[in-house]
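Chemist: Listed below, chain by chain, are the residues.
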Amino acid sequence: MANPSLARMRADLRGQHPQIAFDHVTLSLGGKTIVENISLDVAPGEFLCIIGASGCGKTTALRLAAGLYQPSSGAVTFDGAPMLTPRRDVAIVFQDYGKALLPWRTASGNISLALETIGVPSSQRAGRIEQLLAKVGLPGHAQKYPAEMSGGMQQRLQIARCLAQEPKALLMDEPFGALDAMTRQGLQDEVLSLVASSKATVVFVTHDLEEAIYLGDRVIGLLPHPGRIGIELPIDLPRPRDQLTTREHPEFLRLRRQLFDFIKASEA
Amino acid sequence: MMPERLKAFMLPVAVLVAFEIWVRAAGPHSDSLAPPSAIAVALVEAFRDGSILIATRDTLISAFAGLLLGGSLGLLLGIALGLIRAFDRLMEVTIEAIRPIPSVALLPIALIALGFGYRMEIVIVAFACLWPVLILSRAAIGGIEPRLIEVSRALRLSPVDRVRKIVIPAALPRIFLAFRLAAGIALIVAVTVEIAINPIGLGAGIMTAQQALRPDLMLGYLVWIGLIGYTLNAGLVVAQQHLFGRAALVAEAR
Numbered sequence: 351m352a353n354p355s356l357a358r359m360r361a362d363l364r365g366q367h368p369q370i371a372f373d374h375v376t377l378s379l380g381g382k383t384i385v386e387n388i389s390l391d392v393a394p395g396e397f398l399c400i401i402g403a404s405g406c407g408k409t410t411a412l413r414l415a416a417g418l419y420q421p422s423s424g425a426v427t428f429d430g431a432p433m434l435t436p437r438r439d440v441a442i443v444f445q446d447y448g449k450a451l452l453p454w455r456t457a458s459g460n461i462s463l464a465l466e467t468i469g470v471p472s473s474q475r476a477g478r479i480e481q482l483l484a485k486v487g488l489p490g491h492a493q494k495y496p497a498e499m500s501g502g503m504q505q506r507l508q509i510a511r512c513l514a515q516e517p518k519a520l521l522m523d524e525p526f527g528a529l530d531a532m533t534r535q536g537l538q539d540e541v542l543s544l545v546a547s548s549k550a551t552v553v554f555v556t557h558d559l560e561e562a563i564y565l566g567d568r569v570i571g572l573l574p575h576p577g578r579i580g581i582e583l584p585i586d587l588p589r590p591r592d593q594l595t596t597r598e599h600p601e602f603l604r605l606r607r608q609l610f611d612f613i614k615a616s617e618a
Numbered sequence: 010m011m012p013e014r015l016k017a018f019m020l021p022v023a024v025l026v027a028f029e030i031w032v033r034a035a036g037p038h039s040d041s042l043a044p045p046s047a048i049a050v051a052l053v054e055a056f057r058d059g060s061i062l063i064a065t066r067d068t069l070i071s072a073f074a075g076l077l078l079g080g081s082l083g084l085l086l087g088i089a090l091g092l093i094r095a096f097d098r099l100m101e102v103t104i105e106a107i108r109p110i111p112s113v114a115l116l117p118i119a120l121i122a123l124g125f126g127y128r129m130e131i132v133i134v135a136f137a138c139l140w141p142v143l144i145l146s147r148a149a150i151g152g153i154e155p156r157l158i159e160v161s162r163a164l165r166l167s168p169v170d171r172v173r174k175i176v177i178p179a180a181l182p183r184i185f186l187a188f189r190l191a192a193g194i195a196l197i198v199a200v201t202v203e204i205a206i207n208p209i210g211l212g213a214g215i216m217t218a219q220q221a222l223r224p225d226l227m228l229g230y231l232v233w234i235g236l237i238g239y240t241l242n243a244g245l246v247v248a249q250q251h252l253f254g255r256a257a258l259v260a261e262a263r
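Here the protein sequences line up with chains A and B, keeping their order. Heads up: the first sequence begins at 351 in the numbering used here, then just goes up one per residue. Heads up: the second sequence begins at 10 in the numbering used here, then just goes up one per residue.
Fair warning: there could be bad hints in the mix.
Here are the simulated DMTMM-like cross-link-like pairs (lysine to aspartate or glutamate), alpha carbons at most 20 Å apart as the crow flies [claimed, not checked]:
| no. | chain 1 | residue 1 | chain 2 | residue 2 |
| --- | --- | --- | --- | --- |
| 1 | A | Lys614 | A | Glu582 |
| 2 | B | Lys174 | A | Glu582 |
| 3 | A | Lys449 | B | Glu154 |
| 4 | B | Lys16 | B | Asp40 |
| 5 | A | Lys449 | B | Glu159 |
| 6 | A | Lys549 | A | Asp539 |
| 7 | A | Lys614 | A | Glu540 |
| 8 | A | Lys518 | A | Glu582 |
| 9 | A | Lys518 | A | Glu540 |
Stretch by stretch, here's where chain B covers chain A in the computed footprint (C-beta under 8 Å, at least three residues) [stated by the list, open to error]:
| no. | region |
| --- | --- |
| 10 | 444 to 452 |
| 11 | 460 to 471 |
Bear in mind the hints are in silico, worked out from the structure with no lab data behind them. The C-beta atom is built at its ideal place from N, Cα and C for all residues, glycine as well.
Use the sequences and the hints to build the structure in full.
Modeler: Pasting the structure below:
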C-alpha cells in the first residue's frame, strides 16, 4: 500500500527535497470527491508514472500538479512553494495535441508562442526554434501548419513547445494515448532521451501499464471513486531502456503482472 | 473557362432566351414584365445618363456606413459578452428583448428623429447589422477550444496577450463570417429602406421606374442589385481565403 513517508525517505536519502509534493490533497467538484487524500513526493529528475482505470482521477491529479486545479483541502507544492497558479517552468503536454496547438500558427509559430512568453528576444527565436524542431525529430517542418502534420508529428510539436519553456518539470497527460503502436514506441524512446538530457522531472499519466513500467522510475496506481493511491512500485530496470530487452526482462514481466492484478482488482 | 463551370450557366441562359421569346410573343405592353433585351437596353441607358451610378453610390454609402457602425458596435459588445460571463448574464434579457424588433419597424421613429437621407438609413442598417455580428462574435469567443485557453493559462499569458494571441486569432475566421453575413443584410436593409420611404439610392430608383410604368428599367435595377450583392459576397469570400489561407481551412474543418 502507499506509504508517502517511504517516498519522502527515499528522496531524503538521495539528499534532495521533493520537487513536487502532494500533502493530503483532496479535490471535490460539485459535491463529488474526485481525488481523496493523496500524499506524494516526486524527487527532482524522477520519472513518475501514474496509472489507473478510467475515471480514477489520474488526469485530475496531473492538473493539480500543474496548478490548473486547486485542492479543496491539503496542498500541492513545487520546490517548497505552494502551487497556486500554473508556472512557466512546469510544462504540460496535453493528450489532445490537435486542440492544444494553435491552428493559425505554423510549427515554428507554435514554438515561438512559448519563447515569446518566457521573453526570448526575437533575434534568438529562429535559432532556438530550429534547435527544438531538430530535437523532437521535426527538422524542415517549421513552415507547416498543425493540420498538415500527422498525429505523431503534432504531438512532437507540442513537446517541442513545452521544451521551449525550459521546464524543470514536464507533466504529460496520456500523451501517446491516441497514437498507433509503432509511433508510440518511437516517441517513448525519444521522450526518455529528451528527459535524460534535460534532467527534467516527469509526471506521466497513462492507462498503458507496459508504457508506465517501460518509462518510469516509479509507478503509482490509483483506485477509483474517489481517486486515491492504491499501489506504489519502484521500477528497478536498467537504463537506458530498450523496446525489446527491457520488455522481455523478468522483472518487467513480474511488474506487469502485479500492475495487471491491481487494475483488475480495482475494477472489481 | 472550364466546361464544368460552363454547365452552370446553361440553365440561366436557357431561361433568359425562353423569357425573351415568351414576352415578345405575349405582346409588348406589360406594366410588370419586359423582355431581357429591353432590360439590357434600359440598364445601359441608365448607366449612360449616370442615374444608376448616383443611386448605387447612395445605397453603398448607406449600406457600408451602417455595416461599419453596427458591425463594430456588435463586435465590441460580442467580444465583451463572450469574455466576461457576468456581463453576458447582465445583458441577456435586454438583448433578447431588443433583438427581435424588425429593423424596418424602426423607420417611423428614425424618420421623425433624423428625417430623410443618409443618416436615417445608416442608423436602420446599423441596427440590422449589429445583432448578427454581436451574436456570432459572442458565439465565436464562447466556441474557442477550451484547451487553447488552458494552454494560455499554463504559459501564464497576460490578459492582453491572451486576447491578442489566443482569443482574437481563434475567433477571427468566425468573426469574418459574421461580417460577410452582415454585409448581405446591410444591402438588403438599405434597399428596403429606400423602397419603403427614403427617396435616394437603388430602392428609390426601382420605385420611380415602377411608378413611371417602366418595367424594363425597374427590372434593370433589380438585375444590377443582384450583381452588386453577388460581387460583394464573392469579394468577401476571396478576401477570406486571402486573409486566413491554410489556417482558415483548418478553422472551418473543425
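Chemist: All hints are to be evaluated individually against the structure, with a verdict given for each.
Modeler: Taking the hints in turn, this is what the structure says about them:
1. A:Lys614 - A:Glu582: With Cα atoms ~16 Å apart, Lys614 of chain A and Glu582 of chain A stay inside 20 Å; holds.
2. B:Lys174 - A:Glu582: Roughly 42 Å separates the two Cα atoms, so the pair is violated.
3. A:Lys449 - B:Glu154: holds (7 Å)
4. B:Lys16 - B:Asp40: violated (33 Å)
5. A:Lys449 - B:Glu159: Since the Cα atoms of Lys449 of chain A and Glu159 of chain B sit roughly 10 Å apart, the hinted pair holds (cutoff 20 Å).
6. A:Lys549 - A:Asp539: holds (15 Å)
7. A:Lys614 - A:Glu540: violated (30 Å)
8. A:Lys518 - A:Glu582: violated (23 Å)
9. A:Lys518 - A:Glu540: holds (18 Å)
10. 444 to 452: holds (count 5)
11. 460 to 471: holds (count 4)
The structure fails to meet hints 2, 4, 7, 8 from the earlier list, while all remaining hints are met.
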